[in-house]
Each structure stands twice: as structure tokens, then as C-alpha cells.
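Q: Assemble chain L onto chain X, guided by the hints.
Line by line, the protein sequences are chains X and L. Residues in the first sequence are numbered from 1 upward in steps of one, following the working numbering. Residues in the second sequence are numbered from 1001 upward in steps of one, following the working numbering.
These are computed hints drawn from the structure, not numbers from a lab. Everything numeric in this text was worked out from a predicted model, so none of it was measured. Where a beta carbon is used, it is the ideal one built from N, C-alpha and C, also for glycine.
Stretch by stretch, here's where chain L covers chain X in the computed footprint (C-beta under 8 Å, at least three residues): (1) 128 to 138; (2) 150 to 161; (3) 174 to 188.
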Amino acid sequence: MWRRYLLAGTALWLAAATPASAFIAYVSNEKGNTVSVIDTDKWAVTNTIKVGQRPRGIEFTRDGKFVMVAVGDDDTIQVIDARTQQVVDTLPSGPDPELFTQDAQGKLLYVANENDNTVTIIDLEKRARLGDIQVGVEPEGMAISPDGKILINTSETTNMAHFIDTTTHQIVANVLVDARPRFAEFKRDGSELWVSSEIGGTVSIIDPAKHAVTGKVTFEIPGLRREAIQPVGIGMTKDGKTAFVALGPANRIAVVDAASHKVTKYLLVGQRVWHMAFTPDEKYLLVTNGVSNDVSVIDVPAQKVIKTIQVGELPWGITMVPQ
Amino acid sequence: MIRWLVGAIGFCVVATHALAADVTEIGIGYLGHTGVKPKLSLVEQPADNDGIAGARLAIEDNNTTGKFLNQHFTLEEVRLKEGDDVAKAALALAGHNGFIIADLPADALLQAADALRDRGTVLLNAGAIDDRLREQDCRANVIHVAPTRSMLADALAQYLVWKQWKRWLLVAGSHDNDKLFADALRRAAARFGAKIVQERTFEDTGGARRTDSGVTLIQRQMPVFTQAAPAYDVLVAADESEVFASYLPYRTWDPRPVAGSAGLVPTSWDASQDQWGAVQMQNRFLKLNSRRMTATDMQAWTAARLIGEAASRTNSGDPKKVFDFLKGPDFSVAAFKGTRLTLRDWNLQLRQPILLVDGRMVVSVSPQEGFLHQVSELDTLGVDRPETKCKLR
Chain X
1 MWRRYLLAGT ALWLAAATPA SAFIAYVSNE KGNTVSVIDT DKWAVTNTIK VGQRPRGIEF
61 TRDGKFVMVA VGDDDTIQVI DARTQQVVDT LPSGPDPELF TQDAQGKLLY VANENDNTVT
121 IIDLEKRARL GDIQVGVEPE GMAISPDGKI LINTSETTNM AHFIDTTTHQ IVANVLVDAR
181 PRFAEFKRDG SELWVSSEIG GTVSIIDPAK HAVTGKVTFE IPGLRREAIQ PVGIGMTKDG
241 KTAFVALGPA NRIAVVDAAS HKVTKYLLVG QRVWHMAFTP DEKYLLVTNG VSNDVSVIDV
301 PAQKVIKTIQ VGELPWGITM VPQ
Chain L
1001 MIRWLVGAIG FCVVATHALA ADVTEIGIGY LGHTGVKPKL SLVEQPADND GIAGARLAIE
1061 DNNTTGKFLN QHFTLEEVRL KEGDDVAKAA LALAGHNGFI IADLPADALL QAADALRDRG
1121 TVLLNAGAID DRLREQDCRA NVIHVAPTRS MLADALAQYL VWKQWKRWLL VAGSHDNDKL
1181 FADALRRAAA RFGAKIVQER TFEDTGGARR TDSGVTLIQR QMPVFTQAAP AYDVLVAADE
1241 SEVFASYLPY RTWDPRPVAG SAGLVPTSWD ASQDQWGAVQ MQNRFLKLNS RRMTATDMQA
1301 WTAARLIGEA ASRTNSGDPK KVFDFLKGPD FSVAAFKGTR LTLRDWNLQL RQPILLVDGR
1361 MVVSVSPQEG FLHQVSELDT LGVDRPETKC KLR
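This is chain X alone, in the form it adopts within the complex:
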């Protein structure tokens, strides 16, 4: 009997001892068919969750209770309960889902289906498919404007950012960007949309009101051939001042002054860096390194890589609890 009390007491003490700054990151491992759970206090993997085949796009629900992960080769999105860290449900995503985004209320999910040239709309509460929107060839990047009115989808072979009205579900504009656009991110104030072009090697800055490319972020790394610079994931600080761009096989994160659109620094990370997520306090940025099977931790104010965490096979996406 006393033993049980002691155990419970120890558990309580352990829970209390965990500092308030600890966050949990979920990393999808594309080849491992797993999701690694990272504790940002210990900077270590605390759990590995088995999921479906080829997990890539991964995101917390807005309420922070669930983690959704697109398992492309199983043609579905799995739902992980963040409390039990177990797969509890699936969503009817359409074939080969890769990336997705939610509306501000967390009620609707928009999924890019690469095989079908469509974006699928899912009602998250009812777990039901509401409809499809026809877009360009190989839809991939997804973003929603801060005011929730416009959904962005990028299509990799059509090379466009499609502007979709979220009420009518009609395409209202198409903006041509450089080859193989993979990721889209709005500035928090909605003044700019950034779209990375993996093969084009640039990030296009789009004026969302004018539907026009107004600038481009270009990258140049001494000693590295141009073809190796393949921008993918983008992260932007809440104040809209600094952006981080993952450069794929260039093995670097570019730090970009979001006002001048100029690169101020390149941070060497692991091999083939894909995507990234900030801790909610924006002290740290975690980036996934596909080929070296690890996650690099960047100290955001210092702009320095401070740690590397081994995860599963071919890490791809990453998400952290929203705040």
C-alpha cells in the first residue's frame, strides 16, 4: 500500500519538476512510417509512434488536442491524440495527401491531393469530406490568409500559387512562380505571401491584394552549385521581421530579413533540410533534416544551431503545440 503512495508521489513530484518551458514537437519520419515525439526541455525523443505509410504533412489541431499526419501511401490523414500519443482516428482526405492547412477556427481542413489535381475540404468535427476544388498539376503547398478569406494552394508542375475564395471555393487568381513551388506562408499581418520554389531555387514574394509577384528572395552560397539550393519550408517570426528558409540539399537554413527580402545569414544544419516549427515562445526553431535522420535546434535570437536530435528514418514534417 505505502509503495503505491510512494509511486504516485514520485510521479507527482516528477510532473511538478518539469519546467514550464517544455514543449512537445511531433516529427513525421517519411521512410520510418513513424512520428517522433520530442521534449524540448530534454531535447530528446521521448516516444516514437507507429503511423501509416509515408507520413509527411503534420500539424496540431487549433485546440492543441490532436496531431494530424498525412500518410500519403495510405491515402488518408491519421489523427494522434496528444494526451495518449496514440493514433485514434483517420480523416477522409482523398488520394495521396501531402500538406494541409486549417481555417482559423479549426473547423475546416484543406488538403492538397497530389495525385488528383484537387484540394479536398474536410469538416474536422464531422470527419466528413465536404468537397473538392480543381487546381493545377500536383498540388502541394497550402496556406490560409490571416483574415481567413483566401486559401492558397501551390501546384508543383503548373508552377502557380492558386488563390481560392474560402466562401465560394472558387479560384480567384493564379500567380505564376518559379519551378516546383512547394510551400506557402503568409506574413502575420497578411501583407505578403511567400512561396518557395524548390527547382527554381527562389522564394517569390507575392502581394496578396494585387495577386502579383513583387519580389524574390535569391540565395547564393559560396562553393555551392546553384542546383543544390532548393528552398522548401519557410518559417516566419510573429513580428514579421525575420524569416527562415530551408534550402534542402544545400544543408542550410537561410535567415532572411523579411523587410528587405535579403539573406543575412546561412546556418549549417543537417542533410536535406525540409521543414520547421518554432517553439511557441519563439526562442527555438526546430528543423527536420531528411537525409541525416535528425532535427537541428536553432536558437532564434542568437541565430545559432545549438543542438542535433536523432529521430526516425527520413524526417520530413514537424509541428509544435499552438499557443
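A: Chain L in isolation, oriented as in the chain X frame:
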């Protein structure tokens, strides 16, 4: 009379509709030849629509993009029979198409190119791998999407050297194309530091490719043919004519791997390629054509995509504008090979990584790491600018 009238009204309606939407029509011709070259392996037997099937998919892809830009792409196919006049056929196609994708042997391609020379029609070579078309016989109105023999040979050589299989036993067929591939392999060996320890020729003495008595004879023939060779690491076969190379794996006198025209084969595309988003394209192709995608399909797809890409960037279907953009510094195209593809401005050859495949899997992709180049590592494959004999005219 009434029927004629109705037809005419119908035509008017269609015409007005097209005018109202202001759709730019972009016609692409496809000039191929009938009859497929037989392969030793039944599995590799090309389909009747080999090549054009890829162009058809690209037209669909172009039109998905085109509907956002009011551009509409069409494909018109002409197949030449033995003895047909190439120049005449090319001119007829050029009558309503500003671009022609060609899957023709070298001499026929040159005839088509020269016939179209003053018309402003852009010819895209999706079939012929002959180096001479990009060198002494190069033409200013031809873009080469197919890789060259020397690019294929260099891609293979880089991998074999990286693997430390540097001692080659070279076996070449007795036909002209086999000899050309053997030349390219010799050049590649010299460039990348491999040594050809001995050369042998496999004479084509004729005969049927498939017989009821099957492999019994081959099993006796191949070990004998490869015996008493000096010490070697890999047998490299040059057999574009499909006479013997596919019989070599597992039948060599010494237990050695085979590469070149069988075993580990350099190619622009393979049905097993699934890296860099290629699965989506393989799926689209399978859905449209109910078969897997070959290298010729991919070359034709890329050719039609080149036109689509340039048409969307220039917002034009004008062959001259599109061609100028393709030749300019801003052009690049994505083709599921992990890197942008661009044109070599001195001979209009498309730079591209080359896959090394074993028939079931992609084993590697060249250029290999460590083979460096001051401009583009893709230029470590094939004849480079300082060596070129091409003067574009």
C-alpha cells in the same frame, strides 16, 4: 443544304466562343516512325504508342495549367512508314503546328530539320541519342531532349569508377550503333579513369530472337564467349541492336556484374523511378495509358513540357518567342530528376541527370558526388563546351 447550313452555324458558334474566351491555341506535332525495334526481353517490348503516350500526358498537364492562362495545347501525330518522305511530312505538320516533337533516326531528323529551317518551326528531338546531331551535324532549329550516347556512357562510367570497378571487359555488337556506343564507353573510361582490359566483338549472325528451344543454347554459348578474359571487375556491353547483351547477366564465365546495354543500364527514365515526386507522374501516366512509362515516353513528355513551360512564362504561343525563351538564361524545367534541367546554349542539348537502373530499381543517379564542374555538374556528362564541334547555324 440545310445540313450544311446547320454545320456552318455550328462552326460560327464555336469560333465566336473561342474568340470570346481569347484562348491561345498552341499546336504541337509529333513525328514518329512505325514499327518498333524488337527487344530481347519480352518485358521490355515497346508499346505501339511508345513516346507519344508521354507527349499526350504532357499535353494534359499543359492544359491543366493552360486553363488558368487561356492557353490550349493540341497534339497531332504523324507516323512515317519505311520509304516515306520525311521532309514532306515535316512540312505538312509544320503547316498547323509551331512545334514538332520528333522521334526519328539521326538522318531522318536532319532531313526534317533542314526542311523546316526557314519556317521558324521548332523541332524537339525526343528519340535520337547520336552525339553527331549535337556536334558536327548540329542544327540551330533543333532542341535535343533525349540524352546523348556520351552522356549515358559518362553516367555509367562515373558510377563504376565510384564503385571501384575500374577494370572493364568491353563487349560490343557488330552493328553501327553498337560501335558508336562502344566509342562513347571508351571515351568515358579514359575520362574517368577506368581501364578497358580487353575488347571483344559479338557478331550478329542473324537468327530469330525467340525460339521454342529457349535458353538452353544461350546458357552454353555465353560462358564460352566470355571465358579466358584477363582479370576484370565488370563486363560492359554495347549492344543497342539487342542481339546479345541481355543474355550476359549470370552467364559470364567469371562471376562478374554486367553493365551498359544490360544489367546496370544508363537511361533518361525508368518505370521504377520514384524519387523527387516522380510517383505522381508515374501514376498519372499509368492512369492515362494503362502501362508503365519508358525513357522515350519521358523524353516526349519533357519535350512537350518544355513548350508548355516556356508558353506559360512568356504568356505566348508564338514559336519564336517560346524558342527565344527556351534558349535564354531564365529557362529551366522541372522533370522529376531532383534538379532543374536547362539547355546547353552551344548545341541546345538538355542537361539532365541520368538514371542507372537494373530493370527493377533505380540503383543510382549520375552525376556522382565528387565529379566536379565549374559551371554545372550536369556538364560532367557528355561533350562539354570546350570540346564541342557544334557551330549553331
